[in-house]
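Peer 1: For chain A, the structure is supplied; the task is to place chain B on it using the hints.
Going down the list, the protein sequences come from chains A and B.
Quick note: the first sequence uses my numbering, first residue 1, plus one each step.
Quick note: the second sequence uses my numbering, first residue 1, plus one each step.
Just so you know, these hints were derived from the structure itself, not from any lab.
Among these hints, one or two may not hold up.
[What the hints assert, rightly or not] When the alpha-carbon atoms are kept at most 25 angstroms apart in a straight line, the in silico BS3-like pairs for lysine-lysine are as follows: (1) A:K55 / B:K144; (2) B:K391 / B:K315; (3) B:K456 / A:K55; (4) B:K144 / B:K99; (5) B:K213 / B:K300; (6) B:K315 / B:K127; (7) B:K272 / A:K156; (8) B:K456 / B:K272; (9) B:K356 / B:K144; (10) B:K99 / B:K356; (11) B:K152 / B:K386; (12) B:K356 / A:K55; (13) B:K356 / B:K76; (14) B:K127 / B:K457; (15) A:K156 / B:K215.
Quick caveat, the model's predicted, so the values are computed rather than measured.
One letter stands for each residue in the lines below.
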Amino acid sequence: MRLKETLENYVFVVPAVAIFSVFYIIPFIWVFQLGLFDWDGISFARNFVGLANFKEILLQDRNWWQSMWNASYITLIALTFQNILAFMLAWACDREIRMKNFYRVIFFIPPVLSEIVVGMVWRFIINDIEGANIINRLLAACGFPNLMHHWLSDPKTILTTVALVHCWKGFGWGFLIFLAGLQTIPHQLYEAARIDGANAWHSFKKITIPLMVPIIVLVAILTVLGSMQAFVLIFGLVGGEFAGHTSVPVLRILASMRGSSPRFGYACAQGITLGVVLVIISFIQYRFSKKGH
Amino acid sequence: MLNFYITSFYNLSLRGKSPMINGRSMRVFFGNVLLGIFVFFSVLGCSSQRTEAKPTINVWHWMTDRDAAFQDLAKKYENLTGVKVNFELYAPSEAYSQKIRAAAQGINLPDIFGLLGEKLDFSSFIKAGHILDITPYMEADNNKWKDSFFPKALAVNEFAPGNSYGIKPGIFGVPIDIMTIQMVYNKKLFTQLGLDPNQPPKTLREFLNLGAKIKASGMQGLVSGWGEVWMIECLANDYAFNIMGKDKVLDTIKGEVPYTDADWVKVFNIFKQMNDSGILAQGIISMINKSAEQLFANEKAVFAFNGSWCVNVYKGMNPGLEYAAMLPPQASSEHPMVIWGGAGSSFMVNARSRNKEEAVKFLTWLTDEDQQAYLAQATNNLPANKRSLSKIPEILAQFARGMDFATHPNVWGVSEYSLVTEAFNLGIQSIIIGEKTPEAVAAEVQKVKDRELARKKAQ
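Isolated chain A (complex conformation) (with noise of 0.2 angstroms):
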């Protein structure tokens, strides 16, 4: 009787088991082996190089350590600028202010709008010669003409330029699960502090960021998964890698994949690669926020 339950409970599980198995197990096993192999990805011939591709990654290829720091920067914009700003605005729509169903919409569109669409877009109205050089007559319409800049072909400011459009393209979604996560906290509580004297900050400082804080583990662990895995904004915006400084990780994997000699098992290194960093660097978000909490 006992074998029948356990049968019929292992039937309902099986199809559930079976699909993440061959949609996300399988072919993770298979890309981890691919890895370790000098393959082409056309051939049926493949050359196993045992770890000699982590091998490369780690100690030789400059460009892909390259794309990692360009990865970080923008990461590192995300998660500050993006993220404090994304709280801030859904802090306000949290609060009664006038219109703020507009502004939940209005903040909400760039998420769902195309990568590349964003990234031509943008590229259009900060191009000086191909677009319409919006933000530098902005500049000077301000009375900031010394501020006007070629900002999409300057090396030193591209990748800020990149990390910025990219800000803007993200921020709803932290918008979007900072204000769910306002809503929860309950309105008597902060009642309670103002009838014990606390003004605005205080409250901000003493009940909304401490209820916050496993909302606000929850979007930087998102974002820097986003923003490490950023590429197709890239392409719109820039078109590539720039001699390097708008190189990402993505672009590097792609550019393993392609070419005269392309190099599917270095390619599928390097997708590992960037797996384990970003679960390590989850991994340390997590425990730190557990410490902190």
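Peer 2: Relative to chain A, chain B alone:
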């Protein structure tokens, strides 16, 4: 059968008028109807199977500008032969490349497909048994099919005896059109600058001297899609051939001449000179080719470095644009100026296809004089069939004349490592933005080359 229905319906109708209608007659009627439907669809199925005896040929391609013309030709071919040709467009080219690669890995390539990539990639597909050797078809009837093409167009799809890819000699692709990549200049802007619109600069010095004049007039100089780095490599190779000649370039790829050689430094230096002279458009290294084409078509740039496909693009963007094609200005008189050219796009036949014979027949028809002339007129691409040339517009003829100077990495017999090419292209981008010197880039490229040679040796 019809009589059967009429009888049943008549019986039912008659009975329907009378109170005698009952369950049995209804059952008989519906039984007859079901039987009729069964027989009807059986006959229909049989007859449709007879018409399906002619196969459907599936073709995958990425050429958005040629899709409508392909569809027209497919209809025409179906009317002529009864063979349906199903052209499926997958764009952009990057996505198409990935799709083809995935289909090859899954062994489900269509009957005919185009291949984007370099010769090494091409050879991988052949080695994996995905591409049919069409030499016997080309050489049938005293090379009738083969002789209809420009030899350079065919060379891209050909593997010569003793090739370094280890491929059995033969022809493995059918060129649909040809292309050359050279410079174009705006005649109207030339006049505005006080230059003779029929005398484009012939030497690099003349070209560079125009930089200051163009900048002073508020125009842009040279535009090109150098954000998509392969176009940088293309121009750099043109100058490498011009400065050091074909043999030395190929020796470099073979690893016998280093990139730190003085001639290569000269090649890198050309890009520094271009940047210093102001002839390059602002932001050229983050420019995608579509933007470059818009700038040139909108008469904001005096020169463009682009392929012959641009004729169609410019026509769409600005039909009144007055421009002409020119070879890149010579940097040296020691060797002739060479440009990239050859087969623009080619179709390959899937060696595993059940319809390969029909596929070859279709490609033979598609590359015939009339179809090629139609494609050239409809899409403004240069025809691969040399007999169709007499019917093309003047600007296309200018590009076609460039075929005399054309070469292509796919006909060199050797391929550079991807990482070396990448270091080469990104290095030139660094020179243009003033980050690195030509010497530093040459040293970096050679370092990558040494590493790749060592890796290859270790295998």
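Peer 1: Given the hinted pair K213 (chain B) and K300 (chain B), is their Cα-Cα distance within 25 angstroms?
Peer 2: holds (14 angstroms)
Peer 1: Quickly compare the C-alpha distance for K99 (chain B) and K356 (chain B) to 25 angstroms and report which way the hint goes.
Peer 2: Judged against 25 angstroms, a Cα distance of about 21 angstroms means the pair holds.
Peer 1: Given the hinted pair K55 (chain A) and K144 (chain B), is their Cα-Cα distance within 25 angstroms?
Peer 2: violated (54 angstroms)
Peer 1: Sort out whether K315 (chain B) lies within 25 angstroms of K391 (chain B), counting only the CA atoms.
Peer 2: Cα-Cα ~18 angstroms, so holds.
Peer 1: Given the hint that K315 (chain B) pairs with K127 (chain B), does the C-alpha gap stay at or below 25 angstroms?
Peer 2: violated (40 angstroms)
Peer 1: Taking 25 angstroms as the top limit, are the C-alpha atoms of K356 (chain B) and K144 (chain B) close enough?
Peer 2: holds (20 angstroms)
Peer 1: Does K76 (chain B) sit within 25 angstroms of K356 (chain B), going by the straight-line distance between their CA atoms?
Peer 2: Cα-Cα ~20 angstroms, so holds.
Peer 1: Are K456 (chain B) and K55 (chain A) close enough, with their CA atoms no more than 25 angstroms apart?
Peer 2: holds (16 angstroms)
Peer 1: K456 (chain B) and K272 (chain B): Cα distance at most 25 angstroms?
Peer 2: Distance ~32 angstroms between K456 (chain B) and K272 (chain B) Cα, so the pair is violated.
Peer 1: Within a Cα-Cα threshold of 25 angstroms, do K156 (chain A) and K215 (chain B) meet the stated pairing?
Peer 2: At roughly 23 angstroms apart (the allowed maximum being 25 angstroms), K215 (chain B) and K156 (chain A) satisfy the hint.
Peer 1: When you check the alpha-carbon spacing of K272 (chain B) and K156 (chain A), does it fall within 25 angstroms?
Peer 2: Status holds; Cα separation ~19 angstroms.
Peer 1: Does K55 (chain A) lie within 25 angstroms of K356 (chain B) when you go C-alpha to C-alpha?
Peer 2: violated (45 angstroms)
Of the numbered hints given earlier, the model fails hints 1, 4, 6, 8, 12; all others are met.
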